[in-house]
Amino acid sequence: MQGHGLGAVRGERILFSGLNFTLGAGELVALRGVNGAGKTTLLRQLAGLSQPQAGRVDRAGRHHWISHNNGLKAHETPRRHLMHWARVWGSSAGIDEVLTMLRLKRPADVPCSLLSAGQKRRTALGRLLLEVRPVWLLDEPFNALDAEGQAWLGTLMTDHCARGGAIVAALHAAAPITPVREFTL
Amino acid sequence: MRAAPIRRSFVQAVMEAWSGGAGLLLPVGFFSGTAMLVPFALGSAPDVLSDIGPGMLWLALALASLVTLERVFQADLHDGALDLWVQEPAAISLVALTKTLAHWSVSGLPLVLLTPLYGLMFQVPPETTLPAMAAFGLGGLTFFLWGGVAAALSASVARGGLLIALLALPLYLPTLIFGGLTVKTGFEDSAFLFLLASTLFALGVAPPAMGAALRLAAD
Numbered sequence: 001m002q003g004h005g006l007g008a009v010r011g012e013r014i015l016f017s018g019l020n021f022t023l024g025a026g027e028l029v030a031l032r033g034v035n036g037a038g039k040t041t042l043l044r045q046l047a048g049l050s051q052p053q054a055g056r057v058d059r060a061g062r063h064h065w066i067s068h069n070n071g072l073k074a075h076e077t078p079r080r081h082l083m084h085w086a087r088v089w090g091s092s093a094g095i096d097e098v099l100t101m102l103r104l105k106r107p108a109d110v111p112c113s114l115l116s117a118g119q120k121r122r123t124a125l126g127r128l129l130l131e132v133r134p135v136w137l138l139d140e141p142f143n144a145l146d147a148e149g150q151a152w153l154g155t156l157m158t159d160h161c162a163r164g165g166a167i168v169a170a171l172h173a174a175a176p177i178t179p180v181r182e183f184t185l
Numbered sequence: 001m002r003a004a005p006i007r008r009s010f011v012q013a014v015m016e017a018w019s020g021g022a023g024l025l026l027p028v029g030f031f032s033g034t035a036m037l038v039p040f041a042l043g044s045a046p047d048v049l050s051d052i053g054p055g056m057l058w059l060a061l062a063l064a065s066l067v068t069l070e071r072v073f074q075a076d077l078h079d080g081a082l083d084l085w086v087q088e089p090a091a092i093s094l095v096a097l098t099k100t101l102a103h104w105s106v107s108g109l110p111l112v113l114l115t116p117l118y119g120l121m122f123q124v125p126p127e128t129t130l131p132a133m134a135a136f137g138l139g140g141l142t143f144f145l146w147g148g149v150a151a152a153l154s155a156s157v158a159r160g161g162l163l164i165a166l167l168a169l170p171l172y173l174p175t176l177i178f179g180g181l182t183v184k185t186g187f188e189d190s191a192f193l194f195l196l197a198s199t200l201f202a203l204g205v206a207p208p209a210m211g212a213a214l215r216l217a218a219d
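In order, the protein sequence lines correspond to chains A and B.
The numbering of the first sequence is the working numbering, which starts it at 1 and goes up by one.
The numbering of the second sequence is the working numbering, which starts it at 1 and goes up by one.
Take these hints with a grain of salt, some might be off.
Computed from the model, here is a short list of chain A residues facing chain B with C-beta under 8 angstroms [unchecked claim]:
(1) Gly71
(2) Leu72
(3) His75
Not the full set, but computed from the structure, chain A residues with beta-carbon under 8 angstroms of chain B [unchecked claim]:
(4) Ala47
(5) Gly48
(6) Leu49
(7) Ser50
(8) Gln51
(9) Trp65
(10) Ser67
(11) Asn69
(12) Asn70
(13) Lys73
(14) Ala74
(15) His84
(16) Arg87
(17) Val88
(18) Gly90
Here are the in silico distance ranges between beta carbons for each label pair [what the hints assert, rightly or not]:
(19) Gly48/A to His78/B: 36 to 44 angstroms
(20) Ala147/A to Leu166/B: 45 to 53 angstroms
(21) Pro176/A to Arg159/B: 37 to 45 angstroms
(22) Glu148/A to Ser32/B: 48 to 56 angstroms
What the hints contain is simulated information worked out from the structure, not anything from laboratory work.
For glycine and all other residues, C-beta sits at the position ideal for the given N, C-alpha and C.
This is chain B alone, in the form it adopts within the complex (with noise of 0.2 angstroms):
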């Protein structure tokens, strides 16, 4: 098979994010968002930040893969894009799988790059912040994929923004209690590899189900 379909469909995905507004400004909008107004709504005792701010963070970093994958499909759909990659040879499965990876390394990964910075605003120690590194990037990956399916199962359906956290926030669960505990105890801990482990599922099982999604959502 050849490799262009599928670079071609990662620059598109990219340049298509860049240009929707779902680019840098989203998910550090999220994150600062979320990093200023906590310490104002909870007081700024260094106790108290450093238990919840990690949690705080995830709840940015899934609510911001929501929001940018709410019209991934749905505008390849309306546009007619979908109906002429659905021709491709190269198989719909992986150009979902490149669509969905181009938005997290446009919207996840700069989250992932930021974590030294809000983990200090947070009173995060020191040496958790290459384990909260690994974990958000390993994490936010897993959101996106799901948080794929689901938009390409929503993808003809109006407004579908609820349908999709409807859809892909129970799939985020175990993804989140894991990646929660690697931030705590880091690598040694079990809990990283099933973060891991949730990653690498989501990795085999979610292409084909976006792929059979957007199929059904272009006939």
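Next up, chain A with everything else stripped away, as it sits in the complex (with noise of 0.2 angstroms):
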């Protein structure tokens, strides 16, 4: 995935331009900088869900997507969430076994509108084991996770990128992993 010469305007203030990304096999890039520098923006012309305001964005696949809205209907329990995806993505995965790595075997068929924080935020994080795919563009994904939540996902995140998978994730000092290369908006 390549961006060239991106830029985003927010209002009368020029967040960033003349921004080059690259993002190549096995690379876990994180995104860093202060609250309203632009890391968002950057993910969502990343995603093609904002159009730059300059350069474009070269994609070489699909990806998937965790924002800090999780996507999760209210009336959607954790099962009918990711059996929803796995559906409309053809996808094989066995809702069961992934629940059971989520540890969401509990509330498994709780609305979502009742779930706790975290609870909601594995449930999103579930539709990353549905199906296979190169790139995942996450932002602030260890928000609300409790710490046996987040030293799961660093795995999940770190095995991702063993297997050649390529990562792009705003992320605050504090999460427990380890990016190859830090990208300061």
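Mind docking these for me? Both chains are given alone in their own frames, and the hints should help you get the complex.
Here's what the structure looks like:
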């Protein structure tokens, strides 16, 4: 995945301009920057959700997208959410195994509106396990997770990169993972 | 293109509509409320009721579509589901059309099925029941399509209900005029063809408009 000369404007302020970005196989790139620096904006441009005000993004293959709002519908249970996207993507992943890995066996059939923030985040992260995709775009993925969950996600991300996948993640310094490269906005 | 994403978006939208309380109860409530209040407000003279009854039902249908659609796409935008759908290879306009159809089948279709009952209450002549059902079916579908466009356009506006009404109501007018005529004159008149044309026009124009509006909302 490559971004050429990307630029973004918020109101009358230029967030970034002339930004070049390359992501190669096996790389874990951490986006750093103060609040409001444009980490989420850059991620959304890489994902194709926002049109860059300048420059272009070249993508090879599909990506997974996890952002601060998890993409769960209030009426969905974790099992229904994962089943829904598994069917949409034509994935044959075992939902029960995924729920076990996420430690969501117990609240698997509770509507998301009743789940804790950490449980919602785990449900969203479950989408990563439904289908193998080379690129993961993660916006603050460690937020709301407990210590055990953070360690689990750290291992998951490291394993993904070890298998040749690539990750761009907006991260705080406290995140329990060592990025290959840092990219400061 | 695979059919699974479209099928799943329909199922998800129907489940959401049911759990959100916009299921059968809302249109039935609107229709029953109108059917009950109108005779009290206007007196129960049979000729008056059969004259204005169908018009009152059109009003209920239009309002029911507006109330149902207010949060359809706004919820998707806020919970992040819109981001996921926009990144799908399936066209977002098709997904939006499917969602609108799902909401119509939950909130609009029951009205069509209830028409004979309310027709009875308003003393509508029995021979116009079938044209009325066809008109409410096509008209409701058109209302939901235009309402969907307005809802998509105002998805990123807090409390967009008023904006939805403002955007959608002018688009309802042709359907309302020809639909009202169809109830009176039946299938023989050209009014029915014009109603059909307004529905087909909405089916062609609304999906791309919804798609473009949703892409803009996600940006």
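Cross-check of the supplied hints:
A distance limit of 8 angstroms between C-beta atoms decides the matter here; for Gly71/A the minimum to chain B is near 4 angstroms, and the interface restraint holds. Restraint check, Leu72/A versus chain B: the minimum CB separation of about 6 angstroms is within 8 angstroms; hint holds. With a cut of 8 angstroms, the hint placing His75/A at the interface with chain B holds, because the nearest CB-to-CB distance is about 4 angstroms. A distance limit of 8 angstroms between C-beta atoms decides the matter here; for Ala47/A the minimum to chain B is near 6 angstroms, and the interface restraint holds.
Against a cut-off of 8 angstroms between C-beta atoms, the interface hint on Gly48/A holds, since the closest Cβ of chain B lies about 7 angstroms away. With a cut of 8 angstroms, the hint placing Leu49/A at the interface with chain B holds, because the nearest CB-to-CB distance is about 5 angstroms. Hint status for Ser50/A: holds, given a least beta-carbon distance of 5 angstroms to chain B, under 8 angstroms. Below 8 angstroms, beta-carbon pairs count as interface contacts, and Gln51/A has one with chain B at about 6 angstroms; its hint therefore holds.
Given the 8 angstroms rule on beta carbons, the hint for Trp65/A holds: about 6 angstroms separates it from the nearest Cβ of chain B. Nearest Cβ of chain B to the Cβ of Ser67/A: about 6 angstroms, under the 8 angstroms cut. The hint holds. Because the closest C-beta pair between Asn69/A and chain B is about 4 angstroms apart, less than 8 angstroms, the hint holds. About 6 angstroms separates the beta-carbon of Asn70/A from the nearest beta-carbon of chain B, less than 8 angstroms, and the hint is met.
About 6 angstroms separates the beta-carbon of Lys73/A from the nearest beta-carbon of chain B, less than 8 angstroms, and the hint is met. The beta carbon of Ala74/A comes within 7 angstroms of a beta carbon in chain B, closer than 8 angstroms, and the hint placing it at the interface holds. The interface hint given for His84/A holds, since its Cβ lies 6 angstroms from the closest Cβ of chain B, which is under the 8 angstroms cut-off. A least Cβ separation of about 5 angstroms between Arg87/A and chain B falls short of the 8 angstroms threshold, and the interface hint therefore holds.
Annotation: Val88/A was flagged as interfacial toward chain B, and the flag holds, the nearest CB pair being 5 angstroms apart, inside 8 angstroms. Nearest Cβ of chain B to the Cβ of Gly90/A: about 6 angstroms, under the 8 angstroms cut. The hint holds. Hint check: Gly48/A to His78/B, Cβ distance near 20 angstroms, so the stated range 36 to 44 angstroms is violated. Restraint check, Ala147/A to Leu166/B: a C-beta distance of roughly 51 angstroms satisfies the suggested window 45 to 53 angstroms.
The supplied range of 37 to 45 angstroms is met by Pro176/A and Arg159/B, whose beta-carbon atoms lie about 41 angstroms from each other. Between Glu148/A and Ser32/B the Cβ separation comes to about 53 angstroms, which falls inside the hinted range of 48 to 56 angstroms.
Checked against the numbered hints listed earlier, the structure breaks hint 19 alone; every other hint is satisfied.
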